[in-house]
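> Next come the chains, spelled out residue by residue.
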Amino acid sequence: MEANAGSTLPNDSEAPRARWKYLDKILNRPGPFTDEDSFMPGEPVIESLERAKILVIGAGGLGCEILKNLALSGFKDIHVIDMDTIDVSNLNRQFLFRASDVGKPKAEVAARFVESRVKGVKITPYCGKIQDKDEEYYMQFAMIVCGLDSIEARRWINATLVGMVDPENPDSLKPLIDGGTEGLKGQARVIFPTMTSCIECQLDMHAPRAAVPLCTLATIPRQPQHCIEWAHIIAWEEERKEITLDTDDPEHITWLYQKALKRAQEFNIPGVTYSMTQGVVKNIIPAIASTNAIVAASCCNEAFKIATNTNPFLGFPETDNYMMYTGDESIYTYTFEHQKKDDCPVCGAGTIARPLQVNPNWTLQDFVDSLAERPEAQLKKPSIRTGEHSLYIQSLADLERQTRHNLTKKMSELVEDGEEMVITDKSFPTQFKYKVIFHK
Amino acid sequence: MADLPPPVQGPTAKEKKYDRQLRLWGATGQLALENSHVLLINSGPGVVGVETLKNLVLPGIGNFTIQDSAVVSEADLGVNFFLEEQHLGGFRAEHTCNLLKELNPDVKGNFITEPVETWLTQPNVLNPYTLVIVSAPIRSELLAKLSAHADAAIIPLFYIHSIGFYSHFAIHLPPAFPIIDTHPDPESITDLRLLRPWPELLQYAADKTTNLEAMDGEDHGHVPYVALLLHYLEKWKEEHDGQVPQNYKDKTTFRDIVSKAARTNNPEGGEENFDEAVAAVLKSLNPPEASSAVKEIFKAPECVLVRQDSPSFWVIANAVGLFYTKYGVLPVPGAVPDMKARSADYIQLQNVYKSKARKDLAEVLESVRFLERNANRSTAIEEKDVEAFCKNAAHIKLVRGRPFHVVPAEGSVRWGDRAKSIAQTLTFPDSLVPLYIAFLAWDKFVATHEKDALGGAPKVPGESDTDLEADNEKVTSIAFKIANDLVKEAAASIDEDEYATIKTQIGEFVQELVRAGGAELHNISAFTGGIVSQEVIKVITEQYIPVDNTCIFDGIRSKSAVFKV
Ligand SMILES: [Zn+2]
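Sequences listed follow chains W and F, in order. Counting in the numbering used here, the first sequence tops out at residue 444, every number present. Counting in the numbering used here, the second sequence tops out at residue 732, every number present.
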């Protein structure tokens, strides 16, 4: 049962849009919810869709899906940034990669694959960090779709895009569409920088997991994870200080596993496994193809609607801008408007300091440690100033030495209740203003 | 290194590749996937089914088969990622199958290009498949045939629409589909039995709180919160005629007592174990009653009467039901959350719970063995299955699968015992039942229109620009009739204005569906392929809780809804 060969079919020149028969149904016809003032059916919308330059950040689980979806949504000029190389554990979901690609840069392999599969689309890869690029680079895009697993990178691009907005120049406003997944859960959100709630406004929706206190690790472990963290943080420092821990090196993981197992046996704690060791040390988040497909498609659906006005999109001011997805128990989505926060250090007016609960008995070191974990801060290398003093500065080695002595002082000796402090962190192109509230 | 345990066997190549998913469904879930054979009956633009399969091939399903008689056209290349220019004119089933197989060398793929109309007339043709996915449009008598097969062979059947910005899928599960490993939220599953402690637990609490007030700071700050709560509960009972805190007011009073007992004259200005105790009061001081869903299982006819050939689930359920009748509580699950404590004290507490869990398990197991002998069952149920049941007894789920709507060419859609509930949901603001009705109307149009007089491919509304208006009117009037019939069958009284609003909504949903003219948008099909594959994985692994039984997605408002029809 051999069917016709391809050559007997009409070629592209005879029916230039034959390939886009399905897409054109939507591009040529308005629907009941289409805003007829902004939707230009037919040629105009097709042309603007093909001209729109779109940037994809991340070529991992979400990124592979996003690139495929955008190419099949009619976008023709796609750029992609990713700094990673392909690992064997990516292959269960990152479907643009094969076993023979392990070790190659993700952005490059993903771009070539989609280009060869979907004819007529141009995909420009950049293998490196988003921080390598400046405002001029980001200014060339119509919008940005983010499929990242790093909160730092999200906050960086968010702050950069907010900072780029020039009220005199409408082209400087770049919609940011961001997706994230964990196991069978995920979210997709649309941000119109300075106009709607930004990543920083929403930071407390993604609280980091609380770290186990060091004293628990050192003296009273109870869980297998405590023994693994002990091996990771304490034993390695004590016994293999001269070797830099590489969490991708099986010998290193094996060493940690055996150390953790031995410690667990001493305390009668069951459950330490190699897989758990790897999970704890590398902070592995479970990831599957289906959740990536859902979240990436949701992001690209919004990108398509924004680019074409074929239907209303998420993120229009004062409408829903956030879709939360949960698939563990049946299927549940919650779509809502996340409100912009006046005291947002990135998109707020910059005059209001966020209240920050501080225990006056803490040392400055305790406070610095807490900043990494607080949902509303999540700053790992903060430098802290008050109106009067530099309490602790990490950005320069000299200043670090000069301010280090403050770390052992109590907060009550360094700041007053109600005083404002400014915190900066090398990872973010912005400063965070807080107002100290002493508790108890 | 001499004092370290012997070197380990690192993870196998398969464990490495599947690492990120094994952390979700484990080796047993993976094995279930590898033993399955999924059939896709594909039609229309055919993207949503292929995207579903992509998300099943990647995690390593055993086998898949694509039935699709379509020939690859230019239009396919603009919407389907698993086809290339060189495949133009070839069979879509063959080439999508081959490109999907490239994703995972561990997966076997097959294809069938015979038209579904004739293929389905052959005897036993569906026998190899453990799960079937059908993508619309399909002729209604064929869908009815597949539904009957799902009933007879007791296999799950999925039916999907992806049309423009909207999608829908329904799952026809077997009439009894129990799930033991539901993966409840870890926050919600702590069951410490503080209101029904057993002697060993009380003894433990008494030992750890002896001379509590006189303890030095180190000791006082390390008493596990479970012991603290039991200690203060005993005191409370002494002052309240042996009664535990009864209501919210009692509990908040009790919480204040615990909170005040914490020492604050230390450098930290408080005690972490007391903070944990205070935080646990409201959620832990509840009587450990089984949920109504679990009690339903005990009352189910399959549970009440265990037969020689009953699935082992029902035998265990009967035994656990006996346990519940006798003690008024489910077997102790045995897990203890982490808490501020010294290592040895915590391990000891874990053992108190574990030994009780083992004791309860032994009792359930004894009942299981008794039931097995009574019913003359030949193979003994494995102890680990009974253990898994006991551990998650409070969160066991039974889904009562049933057929979804197959819209007939003649006659109307019947809602049966669901009429009242669906008619009510219809009136909720933002309800997606109007969109479901629009999909049913779309199916009715397909059932009553043909592309040609040859009985081949069905015609979908809105395909040609010239028929757009006429098709829209036809589908709208079908949809209104379906809505009217629903309201009539439910004997619901809906306010006239409200019903007019509902009809406007239905009209708009229909118009948007017809606008697409049967086109799939890749994004909506990728989204839907994502949720359908997730549900397929849940059903195959018998883990997590599947959709029961209909899901609608609105890609314009980015909202979904699940309801049972
Ligand atoms: Zn903001």
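Everything labelled a hint here was simulated from the structure, so no lab data went into it. None of the values given here were measured: they were computed from a predicted structure. All C-beta atoms in this analysis are idealised placements derived from N, C-alpha and C, irrespective of residue type, glycine included. Take these hints with a grain of salt, some might be off.
What the hints assert, rightly or not - Reference listing, derived: stretches of chain F covered by chain W, where coverage requires no fewer than 3 residues with Cβ under 8 Å from a Cβ of chain W:
1) 220-232
2) 336-342
3) 716-727
As the list claims (entries may be wrong) - Calculated pairs, EDC-like style, for lysine to aspartate or glutamate (alpha carbon to alpha carbon, straight line, at most 20 Å):
4) W:LYS80 / F:GLU709
5) F:LYS183 / W:ASP91
6) W:LYS137 / W:ASP91
7) W:LYS189 / F:GLU709
> For each hint, tell me whether it holds in the structure or not.
Okay, the hints, checked on the actual structure:
| no. | hint | result |
| --- | --- | --- |
| 1 | 220-232 | holds (count 5) |
| 2 | 336-342 | violated (count 0) |
| 3 | 716-727 | holds (count 7) |
| 4 | W:LYS80 / F:GLU709 | violated (42 Å) |
| 5 | F:LYS183 / W:ASP91 | holds (10 Å) |
| 6 | W:LYS137 / W:ASP91 | violated (25 Å) |
| 7 | W:LYS189 / F:GLU709 | holds (19 Å) |
Hints 2, 4 and 6, counting from the list given before, are not met by this structure.
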